[in-house]
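Protein chains in written order, with this note's numbering: chain A, 264 to 528; chain B, 264 to 597.
Source of the hints: derived by calculation from the structure; they are not laboratory data. Keep in mind that a hint or two might mislead.
Anything over 10 angstroms on all C-beta distances counts as not near chain B; from chain A, calculated [what the hints assert, rightly or not]:
# : residue
1 : 276
2 : 342
3 : 384
Stretches of chain B that chain A covers, calculated by requiring three or more beta carbons in the stretch to come under 8 angstroms of a beta carbon on chain A [unchecked claim]:
# : stretch
4 : 448-461
5 : 550-560
Only pairs whose alpha carbons sit at most 20 angstroms apart, straight line, appear in this in silico SDA-like list of lysine to any residue [claimed, not checked]:
#  : chain 1 : residue 1 : chain 2 : residue 2
6  : B       : 531       : B       : 390
7  : B       : 281       : A       : 395
8  : B       : 531       : B       : 572
9  : B       : 281       : B       : 452
10 : A       : 399       : B       : 452
11 : B       : 531       : A       : 365
12 : B       : 531       : A       : 420
13 : B       : 531       : A       : 421
14 : B       : 531       : A       : 388
15 : B       : 281       : B       : 292
By construction, the Cβ of each residue, glycine as well, lies at the ideal position given by its N, Cα and C atoms.
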Amino acid sequence: MTTIEMPRNGETTLNLDKLSVSFGGLMALNDVTMSLKPNVWNGLIGPNGAGKTTLLNVISGFLVPTGGSIHFGDEDMTGQSTQNWVNRGILRGFQMPRLLEGETVFVNIMLGRHRFLSSGLGAQILRLPQYMAAEKRDRDFCMEIAERLLLGDVVGELVSDLTFGTRRLVEIARLLAAEPKIALFDEPAAGMDPDLRHELVSILAEIQSTGKITAVLVEHDVDLVRRLCPVSHVLDAGRLIAQGATDEVLGLQQVQQAYFGVGHD
Amino acid sequence: MVNMQSIVRSDVRGGPEKLRRMAWVTVGCLVVFALPFILENYWLYLVGVTAIYAIAGLGLVTLFGFTGQLSLAHASFFGIGAYVSAIGGVHYGLPGIVTLPIAFAICLAAGAFVGIFALRISGLRFALITLSFGELFYWASVRWSDLTGGEQGLYAESLSVMGIDFGDPINAYFLFAALGLLATALCFRLRDSSFGRAMAATRDSELAAKSSGVPVARTRYIAFIIGALFSGVAGWLFSGHVGAISPNFFDMFASLNMLVAVIIGGVKTPLGAWVGAAYLVFVPEFFGMAGASNLYPILSGALLVLIILVVPAGVVPTLGQALRQLGATRGDKQ
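Using the sequences and the hints, build the whole thing.
Here you go:
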């Protein structure tokens with residue numbers, strides 16, 4: 264089994280300060296302040312409609328916040344384009360995998376390498392040595408990731424021919440191919456059959472244990488959050504109602520009330 | 264162990280795959296060199312027209328097949344190339360070697376200009392923008408009759424480049440074959456490059472593209488210009504080869520025909536452009552040979568429906584799949 268070698272994130276913290284997003288009158292996010300410490304996995308939990316996906320949209324450039332600010336280290340990321348977020352190595356997955364349906368699994372994974380592209384169109388067409396060397400490295404790296412994510416046998420298949428769970432793996436493979444500093448997972452294990460889910464969780468745990476990337480994990484499965492994320496943040500109706508060590512946070516009464524309803528033991 | 268050759272569609276191939284590809288290329292070269300000795304001049308001429316439409320079609324494969332942008336102005340860029348070549352020759356006595364860069368530059372400028380309006384949009388609205396440019400071009404080609412000859416069109420002299428007369432059918436044939444192969448190789452390389460993946464990403468999922476750092480608008484813009492250039496160079500070849508051009512070669516229906524051709528051939532593969540071009544050129548010819556030219560407009564519609572029903576993905580992908588299945592069953596028996 265190959266281990267995926269991820270580069271170190273470094274020591275950059277992503278700070279969200281009094282972040283708000285309103286859609287018309289609806290406050291999807293209301294005064295959210297949190298920091299994502301380097302190489303820490305963060306659970307992001309809360310009931311449906313709490314603003315979890317909205318938060319991911321904001322910290323990947325898909326949505327411009329209506330209030331507050333975001334800093335990655337010293338850099339102001341508030342309202343930056345998706346492109347800039349990706350260039351900083353902050354990348355997201357989607358609840359429903361977004362893939363190139365007409366292309367093979369391998370092409371989909373290779374897309375993740377796009378942010379490292381340094382050759383122009385001319386160099387690509389002429390197949391200049393520098394481009395070809397980079398392409399070869401990218402292919403090898405992506406093949407490693409494919410093997411690790413159990414996609415080794417389907418790399419040549421069209422994505423549209425795959426089952427839902429495998430498609431999810433392809434998206435995660437693309438995300439990892441991009442060597443993220445901060446990876447944002449939106450319910451990565453949802454809707455997967457038990458076997459595949461088990462595999463996925465162990466892959467995520469392996470990446471987590473290397474301690475080399477920061478992650479945000481939006482997840483309804485509390486046990487999974489406990490296992491992967493030492494820190495958790497709880498959203499309810501757009502407000503951050505608790506954050507801290509996952510076990511403590513999950514034990515808080517207001518979290519249980521918001522998340523599980525009253526009377527849950 | 265996974266066979267890398269089966270998954271990567273380009274460079275790092277080796278072993279049997281490379282041999283097989285070499286074999287195909289050799290067979291292809293032999294056919295290309297044998298044709299002038301087999302075919303009469305008229306058929307050679309038609310093969311030339313096919314190569315020209317294939318080059319234009321390769322632009323459409325890049326724009327529509329790879330990038331998913333539906334253009335209804337493709338024949339207009341074809342027309343720009345054709346008129347520059349014809350007007351330059353007839354009115355100014357310019358040789359082909361001079362009109363080619365002019366045609367190239369004008370198509371580049373026109374593509375860059377029209378592309379600006381289409382930057383943020385895709386799908387039907389993009390098609391409509393290109394349609395309005397196409398109509399504008401058609402109108403200009405009819406009205407600007409001092410230069411274009413209006414509805415009557417222009418006679419164009421055959422190309423002559425560096426003292427080689429391409430009015431000679433065999434010379435012309437080799438020119439078109441060489442340029443056609445070059446354009447095809449270029450199209451394959453575009454598809455298999457990083458830029459090719461970026462194009463596919465903007466086609467299949469804007470979200471996937473953006474979240475991987477692909478600049479969606481810029482990728483579509485460049486693809487549009489590439490398509491315009493392919494078409495323009497093809498048009499430049501066209502007027503000298505057919506000898507006379509008029510606006511109806513470059514109107515909306517011409518654009519639609521080009522679109523239909525690549526859809527029949529297979530929109531995502533460069534080879535589809537060749538099959539589509541052959542369809543455009545030879546099917547009307549066969550109707551003519553059967554003495555039923557009048558029936559072509561009626562039956563072509565029925566034929567089109569039939570083809571789309573039988574090979575919805577296009578001729579080339581369907582054939583390719585059939586060949587692979589044949590290979591697979593043979594492999595099983597061994």
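- Message: Run through the hints listed earlier and report the numbers of any the structure violates, in increasing order.
- Response: 3, 5
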